[in-house]
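Q: Residue numbers (my numbering), protein chains in the order written: chain A, 1 to 254; chain B, 1001 to 1215.
Hint data in this document are derived by calculation from the structure and do not stem from the laboratory. We treat Cβ as the ideally placed atom computed from N, Cα and C, and that holds for glycine. Incorrect hints may have been included.
Stated by the list, open to error - Partial selection, computed: residues in chain B whose CB lies under 10 Å from chain A:
hint, residue
1, I1126
2, L1167
3, P1194
4, K1199
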Amino acid sequence: MSRQDFVRGQMTQLSAPQALGALNNRWAYAAAGDFTSDIDVLNYALTLEYLEAAFYQQGNQAGLLDGVEKDYLATIQSDEEYHVKALTDTIVKLGGTPVAAPWVDFGGSFADRNSYLTTSVTFENVGVGAYLGAAGYIQDKSILQAAAGIFGVEARHAAVVANLLNLPAEGGVYKGAFETPIAKADVLAAVTPFLSQMSGGMPAGAPDTGGGSTAETGSGDTGLLIAGGAALLGAAAYAGHRINSRETAQDSQS
Amino acid sequence: MAGRRIFDGKPVLEFSTGIQRRSFLKYAGLVGVGTSFAIGGGLLTAPAAFGSSAAIESSDLDILNYALTLEYLESDFYAMGLQAGLLSDRELELVTPIGDHEKEHVTAVTGAVTAFGGTPVAKPKITYPAGTFDSRESFLKNASMFEELGVTAYHGQVPLIKDPDVLASAASIAGVESRHAAVIATLIAGNPFPNPIEKNASMTDILAAVTPLIS
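Okay, chain A solo, but in the shape it has when bound (with noise of 0.2 Å):
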C-alpha cells in the first residue's frame, strides 16, 4: 500500500466529525488561562521574536553559510527583527509595555553549518506552534490578522530551512497537512535551555502589560494594521532596523 493510498483510506474512513476534529486543533489551551489580554499574547511573542532575532544575529555572523543558504537565513533574520519592532511599536500604540529583550545564551548552537540550522528548524516550528496556540486567546480581529501573517512567515523559514538540511519533506519540511498548535508551556519548555539564567527566564505569566485594553482602544483603530494590508503601523518605514547589540539589551535589564 503506497502512502498516498494509505493518506486515502484513511481520511475516507473518517466521519464529518472526525475530520472536523482532525482538521480542527481547538483552541485547546484557551482554557488555559495563560494570557489575560490581547498584549500579554503581543509580549509573549515579542519575547520569542527577541530570541529568534538574537539567534539569527549570532548564527549570521558566525559566518557558517554561503552562496543562496546566507541569503535565506539574511532575509530570515530581517523578517525576525521586522516582526520585534512590528510587535514592540503595536504593544505601545495599545498602551501596554513592551517586554525587555530576555538574556540569551544559545550554547553550541553555532559550532558549525549543521547545528546552526537544525537548531533554527527548532525555533521556527516552536514559533509557528506558539502563535498558533495564542491565537485563540486574541481578541482584536486586526492583531489577530496580523499574528496570522507572522505565523505564516515563521513556517516559511522552518520548511526552507528544514530543507535546507535535506530533512525529510514529510515530518521534516512539513509537519502534516495541518499546523499543530504549542501551549505556552510546553513553548517555554523548549525555549527554556536558550534562556540565560541570569535572566531569571522567560517573564513568566503577565509581564507589565500597563492594563491596556484592546477594547477599550477601539478596535478600528488599534494601530496594528492599516486595514486591508499586512502592512504595520511604525513598521512601514522600518529598513535594517538592528535590535539593540545584546550588550545594550543586557544592559537595560541589570
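With the hints as your guide, set chain B onto chain A.
A: Chain B alone, transformed into the frame defined by chain A:
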C-alpha cells in the same frame, strides 16, 4: 494581484451547474448561501458538540466553502502535475506530500462544512490552459502562484471568520500553505520569503485571479 495571475489570467474554473456558479460568486460579497443554519454564535465548547449539527454563522460556512473550492483547485492541480511525471528525486519528494496535504484539506474542509450543518460545494470543473503540465518549469511556476494565492486567500479571511473553531482550522491550514509556497519558491529560484508578514487578499481579488471571466 496585478501581474501575478495564475495561468496568465486564463479562466480555469467552470461550474457544473448554474447554482454552483452563483453560489461561488456570492462569496465575493460574503452573502449567505442559505438561511437555515444561521443560528447562534456558534461557539463550540466541547468536542462532543461536533456530533450534533453545530451552528455557526452562515458567513463562516461561506468562507469554508470558498476555502473548499480553492482546495479542490489545488488538489486537482497537484494530482494532474504529479501524474505528468515531471519531477524526480528530491523535488518529487518535496511536492508529493503537498498533493497529499491538499487532498486532506479537501476532505477535512468538506467534513467541517457538513459537521456545521452546511452543504459542501461540489468540485468545480477545472480546465487548464494547454502546456500547464508540459514541463517541470510550467508546473512549478503555476504551483508557486497557486500557493501564494492560497496563502493570501486564507489570511484575507482571518479577520472575517466568526467562529473560533473555524478560525483554528483555517489557520492550521494556512500555515501549511505557507510552507508549500516557500518550498516551491526555492525550487524555481523564487523568493521563499517575499514579505515579513503574510499578505492577504479578499475573496474578490482571489476570484479575479482564478475566474477572471466570471467576474
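Q: Give a verdict on every hint.
A: The hints, checked one at a time:
no.	hint	in the structure
1	I1126	19 Å, violated
2	L1167	8 Å, holds
3	P1194	9 Å, holds
4	K1199	5 Å, holds
Hint 1 from the earlier list is the only one contradicted by this structure; the remaining hints agree with it.
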